[in-house]
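Enquirer: As given, the protein sequences belong to chains W and L, one line each in that order.
Take the first sequence: its letters are residues 1 to 336, numbered as in this note's numbering.
Take the second sequence: its letters are residues 1001 to 1585, numbered as in this note's numbering.
Please note that the accuracy of each hint is not assured.
Here are the simulated DSS-like cross-link-like pairs (lysine-lysine), alpha carbons at most 30 Å apart as the crow flies [stated by the list, open to error]:
{"id": "1", "chain 1": "W", "residue 1": "Lys85", "chain 2": "W", "residue 2": "Lys241"}
{"id": "2", "chain 1": "L", "residue 1": "Lys1159", "chain 2": "W", "residue 2": "Lys50"}
{"id": "3", "chain 1": "L", "residue 1": "Lys1255", "chain 2": "L", "residue 2": "Lys1159"}
{"id": "4", "chain 1": "L", "residue 1": "Lys1255", "chain 2": "W", "residue 2": "Lys50"}
{"id": "5", "chain 1": "W", "residue 1": "Lys50", "chain 2": "W", "residue 2": "Lys297"}
{"id": "6", "chain 1": "W", "residue 1": "Lys297", "chain 2": "W", "residue 2": "Lys241"}
{"id": "7", "chain 1": "L", "residue 1": "Lys1255", "chain 2": "W", "residue 2": "Lys85"}
{"id": "8", "chain 1": "W", "residue 1": "Lys85", "chain 2": "L", "residue 2": "Lys1342"}
{"id": "9", "chain 1": "L", "residue 1": "Lys1342", "chain 2": "L", "residue 2": "Lys1425"}
{"id": "10", "chain 1": "L", "residue 1": "Lys1425", "chain 2": "W", "residue 2": "Lys297"}
One side of the interface only, derived from the structure: several residues of chain W facing chain L at Cβ under 10 Å [what the hints assert, rightly or not]:
{"id": "11", "residue": "Ala182"}
{"id": "12", "residue": "Ala185"}
{"id": "13", "residue": "Arg188"}
{"id": "14", "residue": "Gln284"}
Bear in mind the hints are in silico, worked out from the structure with no lab data behind them.
All C-beta atoms in this analysis are idealised placements derived from N, C-alpha and C, irrespective of residue type, glycine included.
Chain residues, written in single-letter form:
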Amino acid sequence: MLAYTVRRLLGTIPLLLAASILTFLLIDLSGDPLADLRVQQPPVPEEVIKAEEARLYLDRSLPERYVLWLTGIGGNGDIGLLRGKFGPSVQGADYDIGHALAERLGTTLRLVSAALLLALGLAILSGVISALRQYSMVDYTLTLIGFLALAMPTFWLGALIKEAGVWVNQQTGYTIFYTVGATSADTRGFTTAQLLADHLGHLVLPTLTLMLTGYAAWSRYQRTSMLEVLNSDYVRLARAKGLPNRVVLRRHALRTALIPLTTVVAVTVAGTVDGVILIETVFQWRGLGDFFVEAIKRNDSYALMGWLMLSGTAVIIANLIADLLYGVLDPRIRYE
Amino acid sequence: MREKSRPTVGAALLIAALFAFTACAPHEGSENTDAFADCADNPNTCNSGERAEGGSITWIVDSLPGAWASLSPKGGSVYTLQMLHGILPNTGYWEPDGATFTTNLDLLAEEPQLIDEDPFTYQFKIRPEAVWDDGTPITAADFEITWKLSTTEEAGHCKGCQPRSDTYNQIASVEGSDGGSTVTVTLVDGVADPEWRDRFSADNIAGGIYPAHIAEEQGFDITTPEGVGEYFQWLHTTMPTFSGGPYRLVEGDLKTQVIKEPNPQWYGEVQPTLDTVVIRFLTDEGTWISALDNGEAHGTSPVAFGQDTVEQARQRPNLNVSITEGPSWEHIDFNLDNEWLKDVELRRAIFTAIDVEDITQRTIAQLYPEAEPRTNHVFSNDSPYHTDVITETGQGSGDIDAARQILLDAGYTYEGDTLTRDGEKVGPFRLRSTSNTVRDTSTELIQSYLAEIGIEVTIEPTDDLGGTLAAQDYDIMQYGWSSTPSFATAPSQYWSSTSDSNFGRYHNEEVDELVERARNASSLDEAAEYANEAARIVAQDAYVLPLFNMPVYILVTDDYVNVRDNPSSSLRALYQHHEWGLVAQ
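Using the sequences and the hints given, assemble the complete structure.
Expert: Right, here's the structure in full:
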């Protein structure tokens, strides 16, 4: 297992390298980071534009810039991924892309973790119930909810949930749910309890939206997987041996049925960091998704590269974890 | 199984209907009360009223400020200016009518005076009551450091300063007298500045005046260019806790919001009544209406015009909405490096075939019926300096027959419906613009007009406006410039053959001379004369065809008075936000 893990980790290096070359090229082709500067009114002095070009290394060729971005050799000490420097940002010399990414990651994880845990719990529960009560009213209802959440675009779902939250507030006369930001604008003078309530009030609606989008797909996986297992020979054998139904379900069926979901969840969790872009936009959370959108808006090449490398690394690691988990959960699979 | 699916289908329809109803149904109540009804007639005073003491307001700003100071390109945006407004003292501001410049007589003891025209010298006199929030008097030293912070390295006053404009390089000295209460500004020899009143104003690149004593407190030696450069960097990275205006910043960051509270040392006539003003950065327009409905925000005057937001806001009885002509004006430009488009007659014919009135009616007039074609490149139609330079040329009239006649007279011929010259097909031309509802419709209409005179146009949207313009990667381009009441440098930026923003490479020596004169005029009247003359020649040369001013809007809940839009200022509605208040009962 260890050898396999090391081998897989080593295999990610050329993969990341290739991805970085491709994305660097695409980002470079997507536009000039100083384009806005060149059309500003009143016009920005030429010497200021030249200085910015030099600071962002735009006075060097594309291959030179890529090598510089990767290694930092020949730079001003602010660039070089291998040295832990993500490069200069169009947002100024003092803007540390690495620090911003770490800070934003914390915000995103706060949003994502609760949503994913809830989504997973609900998906397993509803998937199992749907499978056990196949073609019943309960199954149809859960299927309907799942497909509705699956079919609805995230921004639309988010907008609807916000509307519902505002409606509840208006009906109760209290601001229970908030529609923008991770906290209220002015929390000075709040007690700990008020602060906690404020954080929760801001968390509920985006969490619900994110949870529904995750839940929808997972519950379908879980239902299908559970049905497949329930119809398998060894479950029939377990029942024929006279084992109680709950034991059959819990020990034999559910454990096996969780294997496909585990791998799907591992990969989806990594993808959620990307998928949270829309949720963070709709609810105005300043997390990684918002970082990505801002980087695109500002044509901030190195910030965009930083985000893409973080995202790419997360997906590759998640895939690795999924493969390893598969080996752990399924006794038929052994990595040599 | 089919039987069982019926309830599912029914439930699905019910849920979908509920969702649609929740999302789309208009809110209870009919039309909103219209506190802005008299803004068209009284733009400087509409929605005025008595204020109650206390309260707070959360104002939406639609993009993130790039820094804590607006001096540099990274911080130099309307968002930074709006965030910082009320903190820095300033010498004045443009009123919403775009014609009145109001001197800030809270800071100044009298109207600024032009002392001499050679060298060009003007003077500000500061009121003795004007102080920073730590009690330090506001003096000429503050004007001097602001000037130095606004100059490029080339001027020699600041090492490392990267201002977003070199306007202040033309100042030779800023000197104090009378104990620092008189500020004398002298320009370099041979230079005049018709907009001298506008220097150190709320709309200038600094957004006001920076304190010199804070630099010293922070350990920067501002008698040296290095020290000034260090202060420049510090100002951009540090939230200002000093104030010389009606408000001070008490908390905030560049990602979510800043909180302003009244400055207890404010020396002005009108005291703020609101306890807090929160400037909240909400970058997605789709979030605003629900935030307003939920009481998380109370108003906004964004840069861009959002049709959906305006329509939704109009359905809210507690929201006041006003649409007016904004500072950004759309226009069609030619790339004169294109071999065909070098011919002025072809350009004239193309501009004549374009029906600007039709484009206006089919785009922005849908929501802003007062919209009308713009007939001057430099001045809006309601500017006191406006002269119509377009109508007399026939350009923008959509007169297809006249356009065809221009082409035939110039030696062009038609093979069937195709325009040719010496047997060669003219064009096709690449018409480019960034994509939005207005520009998409407009470019499609232009394509159809030009088809009528036998010219094929290919529409190619771009995401990278600056890059497309800088690379001259177009034949015909639609985009927008932002105009302000400070106009003297604009003609030079648009048309000077040495300007980097003259993207289509227009060259006319007479225009070069006129735009220089406009820049260097000693009064606004004189500058306007030169600007109008240059615009007339540019129109005759058919280089740029103005279309219309894009509308802008303000919306605010009906709890507040003295809130009104100011399209003449980068600050928009925030331009006098210390006068805002809750409606007195």
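Enquirer: What's the verdict on lysine 297 (chain W) and lysine 241 (chain W), does the C-alpha distance respect the 30 Å limit or exceed it?
Expert: The given pair, whose Cα atoms are some 64 Å apart, is violated under the 30 Å limit.
Enquirer: Would the stated hint for alanine 182 (chain W) survive a check requiring a Cβ distance to chain L of less than 10 Å?
Expert: 8 Å, holds
Enquirer: Going straight from one Cα to the other, do lysine 85 (chain W) and lysine 1342 (chain L) come out at no more than 30 Å?
Expert: 49 Å, violated
Enquirer: What's the verdict on lysine 1255 (chain L) and lysine 85 (chain W), does the C-alpha distance respect the 30 Å limit or exceed it?
Expert: Holds, at roughly 22 Å.
Enquirer: Taking only the CA atoms, is the gap from lysine 1255 (chain L) to lysine 50 (chain W) under or equal to 30 Å?
Expert: 28 Å, holds
Enquirer: Under the criterion that the straight-line Cα-Cα distance not exceed 30 Å, is the pair lysine 85 (chain W), lysine 241 (chain W) satisfied?
Expert: Given pair lysine 85 (chain W), lysine 241 (chain W) is violated - Cα atoms ~62 Å apart, limit 30 Å.
Enquirer: Quickly compare the C-alpha distance for lysine 1342 (chain L) and lysine 1425 (chain L) to 30 Å and report which way the hint goes.
Expert: At roughly 15 Å apart (the allowed maximum being 30 Å), lysine 1425 (chain L) and lysine 1342 (chain L) satisfy the hint.
Enquirer: Measuring from the C-beta of glutamine 284 (chain W) to each C-beta in chain L, is the shortest one below 10 Å?
Expert: 5 Å, holds
Enquirer: With a cut-off of 30 Å on the C-alpha distance, tell me whether lysine 50 (chain W) and lysine 297 (chain W) pass.
Expert: 22 Å, holds
Enquirer: With chain L as the partner, please determine if arginine 188 (chain W) meets the hint condition of a C-beta pair closer than 10 Å.
Expert: 7 Å, holds
Enquirer: Should the hint that alanine 185 (chain W) touches chain L count as held when the rule is a Cβ pair under 10 Å?
Expert: Holds. Min distance 4 Å.
Enquirer: Just to be careful, I want the Cα atoms of lysine 1159 (chain L) and lysine 50 (chain W) compared with a cutoff of 30 Å; is the pair within it?
Expert: 15 Å, holds
Of the numbered hints listed earlier, those contradicted by the structure are 1, 6, 8 and 10.
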